[in-house]
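J.: Sequence:
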Amino acid sequence: MEAFKAFLVRKNIILSAKRYGIDALSAMAQGLFCTLLIGTILNTLGTQLHIGFLTQPIASVGGSDLTIGGFASAMVGPAMAAAIGYALTAPPMVLFSLIPVGYATNVLGGAGGPLAVLVVAIIASEFGKAVSKETRVDILVTPIVTILVGIGAASLIAKPIGSAASAFGQFIMWATELQPFLMGILVSVAVGVALTLPISSAAICAALSLTGLAGGAAVAGCCAQMVGFAVMSFKENGIGGLVSQGIGTSMLQMPNIVRNPRIWIAPTLASAITGPIATCVFRLQMNGSPVSSGMGTCGLVGQIGVYTGWVNDIAAGVKASITSFDILGLVLISFILPAVLSTLFCELERKAGWIKDGDLKL
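Quick note: the sequence shown, position 283, residue 283 per the numbering used here, numbers continuous.
Please keep in mind that the hints were generated in silico from the structure rather than gathered at the bench. All figures in this text were calculated on a predicted structure; none of them were measured in a lab. No residue lacks a Cβ here, since even glycine has one placed at the ideal position from N, Cα and C. Fair warning: there could be bad hints in the mix.
[Stated by the list, open to error] Label-pair distances were calculated between CB atoms; the ranges are: (1) Met254 to Gly63: 23 to 29 Å; (2) Glu177 to Gly248: 43 to 49 Å; (3) Val331 to Trp354: 27 to 33 Å; (4) Phe96 to Leu49: 33 to 39 Å; (5) Val318 to Gly248: 32 to 38 Å; (6) Arg283 to Ala315: 18 to 24 Å; (7) Glu177 to Asp65: 29 to 35 Å; (8) Leu148 to Leu49: 19 to 25 Å; (9) Leu348 to Pro198: 25 to 31 Å; (10) Ile239 to Ala17: 26 to 32 Å; (11) Ala315 to Glu177: 18 to 24 Å; (12) Ala320 to Phe96: 44 to 50 Å; (13) Asp65 to Glu2: 33 to 39 Å.
[Unchecked claim] Using 35 Å as the maximum straight-line C-alpha spacing, the simulated DSBU-like pairs for lysine-lysine come out as follows: (14) Lys133 to Lys11; (15) Lys5 to Lys133; (16) Lys319 to Lys18; (17) Lys235 to Lys133; (18) Lys235 to Lys319; (19) Lys319 to Lys361; (20) Lys18 to Lys133; (21) Lys356 to Lys18; (22) Lys5 to Lys18; (23) Lys11 to Lys235; (24) Lys351 to Lys361; (25) Lys18 to Lys159; (26) Lys159 to Lys235; (27) Lys5 to Lys235; (28) Lys361 to Lys159; (29) Lys159 to Lys5.
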């Protein structure tokens with residue numbers, strides 16, 4: 001047993017929830033962002049702004065005409081797997097071999113492909129790392145083992161994992177349609193909290209294919225955390241803090257949350273209010289890329305995703321046009337209500353002595 005533990009240490013194979021549930025998951029979100037999400041944004045920009053080189057198909061693959069954005073989106077599986085391997089410190093031969101593994105797993109996983117890629121890429125990466133540079137023919141052994149283990153695992157578990165993730169996501173979306181008030185609160189708070197924690201809310205939403213009203217509630221929760229912390233801490237952090245948290249990430253406040261968990265109350269209460277307003281009043285839906293549901297105001301990706309969904313719905317004939325009420329709802333849910341509510345709750349906490357000067361200093 002000691003020899004095996006020493007082998008794992010030598011190969012940098014760390015069996016831990018942090019490495020797989022935080023590091024790998026966060027890296028997977030970056031792979032999603034750089035392919036599927038960016039591809040969607042490029043296609044939307046091309047269509048809405050009539051940019052020819054973004055709307056012109058470059059080639060036809062498998063009977064589908066692909067634009068620049070289309071090619072970017074098509075590489076989501078390989079990008080996720082490679083990103084996961086990078087997070088697990090996979091050596092080059094393993095990292096590059098994960099590319100076909102990610103492609104195969106995402107295809108086999110269907111709608112729940114991202115979660116399947118997370119599991120399979122971890123398995124393939126660790127097996128690849130285990131055999132890396134252990135033989136004189138490493139250039140053959142490492143990629144063969146990584147690919148065989150990865151695609152072999154994908155053929156066995158990708159479809160069940162993908163189906164389970166998709167079914168769970170469908171259940172959440174069904175429940176949100178059935179009980180928009182209650183689920184608006186639950187989804188908004190849960191996804192918003194996940195966004196501030198050192199895990200990836202974007203990857204979670206992508207893995208569950210979270211769209212529709214539930215996606216809108218998720219956007220509301222993420223915006224409440226990001227804009228809420230940005231505005232609450234303006235006194236301590238100024239413009240730099242406003243920007244880094246408001247369009248960057250509220251995760252920057254985690255060290256302060258550990259020191260004083262009460263600072264988390266204000267934006268979380270705000271998300272509990274904006275979530276049901278999004279679902280019940282404005283019927284805000286995320287019908288763009290599911291990963292956008294968990295991005296909030298980060299680079300305004302959440303808002304771009306909602307807008308993309310409107311465009312897609314109009315093109316599909318299920319929405320007549322983008323109304324002023326739609327725009328008002330998006331602006332209120334994304335920016336105004338989170339700022340006002342979080343500031344109000346924060347000031348009440350300050351008066352109660354729960355938050356003191358410097359507690360929100362980055």
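J.: Work down the list of hints and note, for each, if the structure agrees.
T.: The hints, checked one at a time:
1. Met254 to Gly63: 23 to 29 Å: Check failed, 47 Å falls outside 23 to 29 Å.
2. Glu177 to Gly248: 43 to 49 Å: Check failed, 32 Å falls outside 43 to 49 Å.
3. Val331 to Trp354: 27 to 33 Å: Holds, since Val331 and Trp354 (Cβ atoms, about 30 Å apart) stay within the stated range.
4. Phe96 to Leu49: 33 to 39 Å: 36 Å, holds
5. Val318 to Gly248: 32 to 38 Å: 34 Å, holds
6. Arg283 to Ala315: 18 to 24 Å: 19 Å, holds
7. Glu177 to Asp65: 29 to 35 Å: Between Glu177 and Asp65, where Cβ atoms are some 34 Å apart, the hint holds.
8. Leu148 to Leu49: 19 to 25 Å: 46 Å, violated
9. Leu348 to Pro198: 25 to 31 Å: Cβ of Leu348 to Cβ of Pro198: about 28 Å, so the range 25 to 31 Å holds.
10. Ile239 to Ala17: 26 to 32 Å: 37 Å, violated
11. Ala315 to Glu177: 18 to 24 Å: Distance hint for Ala315, Glu177 holds at roughly 22 Å.
12. Ala320 to Phe96: 44 to 50 Å: Check passed, 48 Å falls within 44 to 50 Å.
13. Asp65 to Glu2: 33 to 39 Å: The hint (33 to 39 Å, Cβ to Cβ) is violated, given that Asp65 and Glu2 are roughly 58 Å apart.
14. Lys133 to Lys11: 10 Å, holds
15. Lys5 to Lys133: 18 Å, holds
16. Lys319 to Lys18: Not OK: Lys319 and Lys18 at ~43 Å, beyond 35 Å, violated.
17. Lys235 to Lys133: 54 Å, violated
18. Lys235 to Lys319: Between Lys235 and Lys319 the Cα gap is close to 42 Å, so the pair fails against 35 Å, i.e. violated.
19. Lys319 to Lys361: 44 Å, violated
20. Lys18 to Lys133: Judged against 35 Å, a Cα distance of about 26 Å means the pair holds.
21. Lys356 to Lys18: 31 Å, holds
22. Lys5 to Lys18: 18 Å, holds
23. Lys11 to Lys235: 47 Å, violated
24. Lys351 to Lys361: 18 Å, holds
25. Lys18 to Lys159: With Cα atoms ~25 Å apart, Lys18 and Lys159 stay inside 35 Å; holds.
26. Lys159 to Lys235: 50 Å, violated
27. Lys5 to Lys235: Between Lys5 and Lys235 the Cα gap is close to 50 Å, so the pair fails against 35 Å, i.e. violated.
28. Lys361 to Lys159: 46 Å, violated
29. Lys159 to Lys5: Holds, at roughly 32 Å.
In the structure shown, a violation is registered for the earlier hints numbered 1, 2, 8, 10, 13, 16, 17, 18, 19, 23, 26, 27, 28, in ascending order.
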